[in-house]
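Asker: Sequence:
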Amino acid sequence: MNRGQWLKAVFALLLLGGAGLQLSATTWYVRPDGGTRYSSEVPNGQCDGLTDAAYPGSGKNKHCAFNDYRYLYQDGSYANGTKFPAWGWVIKGGDTVIIRGSIGTKAAYRVGAAPPSQKSYCDPKNVCWGLAGDPADSFNPPIPAGTASQHTRILGENYAACTDQKARTQLYGGTGLYYVLDLRNTSYVDVQCLDITDFSGCSRTAANCSGANADFATNGIRLSNKSTDITLRDVRVHGLAYSGIGGPPGTGFVATDLAILGNGGAGWNADPGDGTTGVGTMLVQGFDISWNGCAEEYPIVDAVPYGNCRDDSTGGYGDGFGTTTAPSPAPGWQVHFDNGIASYNTQDGLDALHISGPGSTLTITRVLAFGNEGQQLKGGGAIATLQNNLIVGNCAAIQATMPGRPTPTGDSLGDVCRAANTAVAIGVTPGDPATYQNNTMISNGAVGVEVDYSTPDHGPTNMLHYDNNVFIGHINPGRGERPSAIYTDPKILTNPGASWTHNATYGAKGSCPEPGEHNAICKDPGLVDETFHAYGYGNMAPKPGAAVIGAGAAIPDIKVDFNGTNRSSSPSVGALESSGKVSGASPPTASNEPASSGKPQASVEVKVLSGAVAVAVLWAGMRYLRGRSTGA
1 MNRGQWLKAV
11 FALLLLGGAG
21 LQLSATTWYV
31 RPDGGTRYSS
41 EVPNGQCDGL
51 TDAAYPGSGK
61 NKHCAFNDYR
71 YLYQDGSYAN
81 GTKFPAWGWV
91 IKGGDTVIIR
101 GSIGTKAAYR
111 VGAAPPSQKS
121 YCDPKNVCWG
131 LAGDPADSFN
141 PPIPAGTASQ
151 HTRILGENYA
161 ACTDQKARTQ
171 LYGGTGLYYV
181 LDLRNTSYVD
191 VQCLDITDFS
201 GCSRTAANCS
211 GANADFATNG
221 IRLSNKSTDI
231 TLRDVRVHGL
241 AYSGIGGPPG
251 TGFVATDLAI
261 LGNGGAGWNA
271 DPGDGTTGVG
281 TMLVQGFDIS
291 WNGCAEEYPI
301 VDAVPYGNCR
311 DDSTGGYGDG
321 FGTTTAPSPA
331 PGWQVHFDNG
341 IASYNTQDGL
351 DALHISGPGS
361 TLTITRVLAF
371 GNEGQQLKGG
381 GAIATLQNNL
391 IVGNCAAIQA
401 TMPGRPTPTG
411 DSLGDVCRAA
421 NTAVAIGVTP
431 GDPATYQNNT
441 MISNGAVGVE
451 VDYSTPDHGP
461 TNMLHYDNNV
471 FIGHINPGRG
481 ERPSAIYTDP
491 KILTNPGASW
501 THNATYGAKG
511 SCPEPGEHNA
521 ICKDPGLVDE
531 TFHAYGYGNM
541 APKPGAAVIG
551 AGAAIPDIKV
561 DFNGTNRSSS
571 PSVGALESSG
581 KVSGASPPTA
591 SNEPASSGKP
601 QASVEVKVLS
611 GAVAVAVLWA
621 GMRYLRGRST
631 GA
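Residue numbers for the sequence shown follow full-length UniProt numbering, so the first one is 1 and each next one is one higher.
By construction, these hints were calculated from the structure, which means they are not laboratory data.
Note that CB positions come from ideal geometry on N, CA and C, so glycine has one too.
Misleading hints may appear alongside valid ones.
[What the hints assert, rightly or not] In silico DSS-like cross-links for lysine-lysine, where the CA-CA straight-line distance does not exceed 27 Å:
no., residue 1, residue 2
1, Lys226, Lys125
2, Lys119, Lys83
3, Lys106, Lys125
4, Lys491, Lys509
5, Lys559, Lys543
6, Lys523, Lys543
7, Lys166, Lys106
8, Lys491, Lys523
9, Lys83, Lys106
10, Lys83, Lys60
11, Lys509, Lys543
12, Lys83, Lys226
13, Lys60, Lys125
14, Lys125, Lys83
15, Lys509, Lys523
16, Lys92, Lys60
[Stated by the list, open to error] Here are the in silico distance ranges between beta carbons for each label pair:
no., residue 1, residue 2, range
17, Lys523, Asp557, 25 to 35 Å
18, Asp529, Tyr121, 57 to 67 Å
19, Asn566, Ala53, 44 to 54 Å
20, Ser40, Asp415, 55 to 65 Å
21, Ser570, Gly478, 35 to 45 Å
22, Asp524, Thr325, 39 to 49 Å
23, Ser24, Asn80, 28 to 38 Å
24, Thr325, Ala160, 36 to 46 Å
25, Ala161, Lys509, 48 to 58 Å
26, Ser570, Ser313, 20 to 30 Å
Let the sequences and hints guide you as you build the complete structure.
Answerer: See the structure below:
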């Protein structure tokens, strides 16, 4: 064999070896009938975690599943975070974890230290959980990173079909745990089919995290901009004492079917407090971000179980999604929210006004936004694009008396309709055209869309595409006047490269058409429901024969409407192409029984409500509501 042949042979063996490493990835199992973990520190441990089987009842180091999720990264011996196997993942990068049991089968797995009721670090069987003396930091260590071809996977057992809340596997934090699932400083990790929560009704902003509420977790999921190529699918994060998600992701972040509901401080607080912000691509699709800034009941007894709401004037925060003001380094942060709901958050719904930096973009498409206490949607600093959204400017909604909420609510809100009672805020930067097209808005606020300069440069390269939008204004009872459809420097709409055409404006303050506006529709657009809803929303689709049907300008980039219906060559004005209801707005039709820890639980079955008080009108995300354990 000559040298060339020898090198080829060695290279082939290396390739085979690499393939072998990928193919040899291990699957680990957790199930309620498994056993304790065997290790060098726990020689009497029952199971190795490598077989999807129950503990047989006797013996040690058997081929069977672990009975506790925490055995994946600690063995139950004394742990201070410095020594394996007491602390550190037993899995390797590229491995798969399958966690058996679901809300439907009344299974739930604790994360963190032992409950406060257990006075000692270790239990009577000498099993020790968390870090000794540090329950707040007893979340998981960094998950071993996968590769582009072999992701590390953390899966609830029904991951293949997990849209039903009852199908999800529940992880709940306690004893003041800072985060239930830490995804910082790892890459190529998939998380699917999980329900992340705590078993406490406390909120850090309402200062009621003591006594019976002391067994809480502060936050749900933790990210950093070093968290790259992370995938979340069929994940609900709810009822935490502060935020559902904390921190900004790195590039390659994709979340599908993500619910962030009823977290006491904020939904997704992407400001980690260290001056960093997101980098790279981020796609969130099929989401519900609602009722953040409010505490979720525990146990759940009400149809809409959110109370003790706080805003920025009463010790709270309340953004559904919010970021730091720091610009992203090149290549920027490309954020896209698609096909979701942002509602009843105690500050802004989606606040992406501060996403900025070279190459940064913000895209919000097919989002239903209503009932948020501040602005419903915000974008600017980066290239902002808002298309096919349904928006209701009813920022005082949480103050309304809503059927289904706790009585009394316990709310303390002092900054209702903050930020000048504007429904949508957009910032423009020189040379980066912002876009607001094919949106439908009904509002009784002061302003529908406010567009401001993001920099001191107010020159002619600041521009907005404001086209094919429906705006319906109603008299504001406090001001006694109708809202402006758009409030801005008119040059932003008329500078070279800007566009201002084919908009339907009805019931607004000011003239129609405005000077510089083209092809305006200055009459009733003909929507099914044009009334103002103090909370919730109505059917904003056009009626048959409506003035807006087929009256829009063709925009090549907009191929479908809010519901995913194909746009015609002569598209309708607004977010909906034709008559019909808003997808996903029907009330729930099935009960979701809560998980249980084996203790008595309240009956919290979801009922189909009558049309008169359909919870779908209160909160279109009702389908995400149930499934939280009421066991203590």
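Asker: Hint by hint, say whether it matches the structure.
Answerer: Consistency of the hints with the structure:
{"no.": "1", "hint": "Lys226 <-> Lys125", "verdict": "39 Å, violated"}
{"no.": "2", "hint": "Lys119 <-> Lys83", "verdict": "24 Å, holds"}
{"no.": "3", "hint": "Lys106 <-> Lys125", "verdict": "24 Å, holds"}
{"no.": "4", "hint": "Lys491 <-> Lys509", "verdict": "19 Å, holds"}
{"no.": "5", "hint": "Lys559 <-> Lys543", "verdict": "21 Å, holds"}
{"no.": "6", "hint": "Lys523 <-> Lys543", "verdict": "14 Å, holds"}
{"no.": "7", "hint": "Lys166 <-> Lys106", "verdict": "9 Å, holds"}
{"no.": "8", "hint": "Lys491 <-> Lys523", "verdict": "25 Å, holds"}
{"no.": "9", "hint": "Lys83 <-> Lys106", "verdict": "34 Å, violated"}
{"no.": "10", "hint": "Lys83 <-> Lys60", "verdict": "23 Å, holds"}
{"no.": "11", "hint": "Lys509 <-> Lys543", "verdict": "25 Å, holds"}
{"no.": "12", "hint": "Lys83 <-> Lys226", "verdict": "24 Å, holds"}
{"no.": "13", "hint": "Lys60 <-> Lys125", "verdict": "16 Å, holds"}
{"no.": "14", "hint": "Lys125 <-> Lys83", "verdict": "21 Å, holds"}
{"no.": "15", "hint": "Lys509 <-> Lys523", "verdict": "14 Å, holds"}
{"no.": "16", "hint": "Lys92 <-> Lys60", "verdict": "23 Å, holds"}
{"no.": "17", "hint": "Lys523 <-> Asp557: 25 to 35 Å", "verdict": "28 Å, holds"}
{"no.": "18", "hint": "Asp529 <-> Tyr121: 57 to 67 Å", "verdict": "59 Å, holds"}
{"no.": "19", "hint": "Asn566 <-> Ala53: 44 to 54 Å", "verdict": "50 Å, holds"}
{"no.": "20", "hint": "Ser40 <-> Asp415: 55 to 65 Å", "verdict": "56 Å, holds"}
{"no.": "21", "hint": "Ser570 <-> Gly478: 35 to 45 Å", "verdict": "40 Å, holds"}
{"no.": "22", "hint": "Asp524 <-> Thr325: 39 to 49 Å", "verdict": "42 Å, holds"}
{"no.": "23", "hint": "Ser24 <-> Asn80: 28 to 38 Å", "verdict": "32 Å, holds"}
{"no.": "24", "hint": "Thr325 <-> Ala160: 36 to 46 Å", "verdict": "41 Å, holds"}
{"no.": "25", "hint": "Ala161 <-> Lys509: 48 to 58 Å", "verdict": "50 Å, holds"}
{"no.": "26", "hint": "Ser570 <-> Ser313: 20 to 30 Å", "verdict": "48 Å, violated"}
Of the numbered hints given earlier, the model fails hints 1, 9, 26; all others are met.
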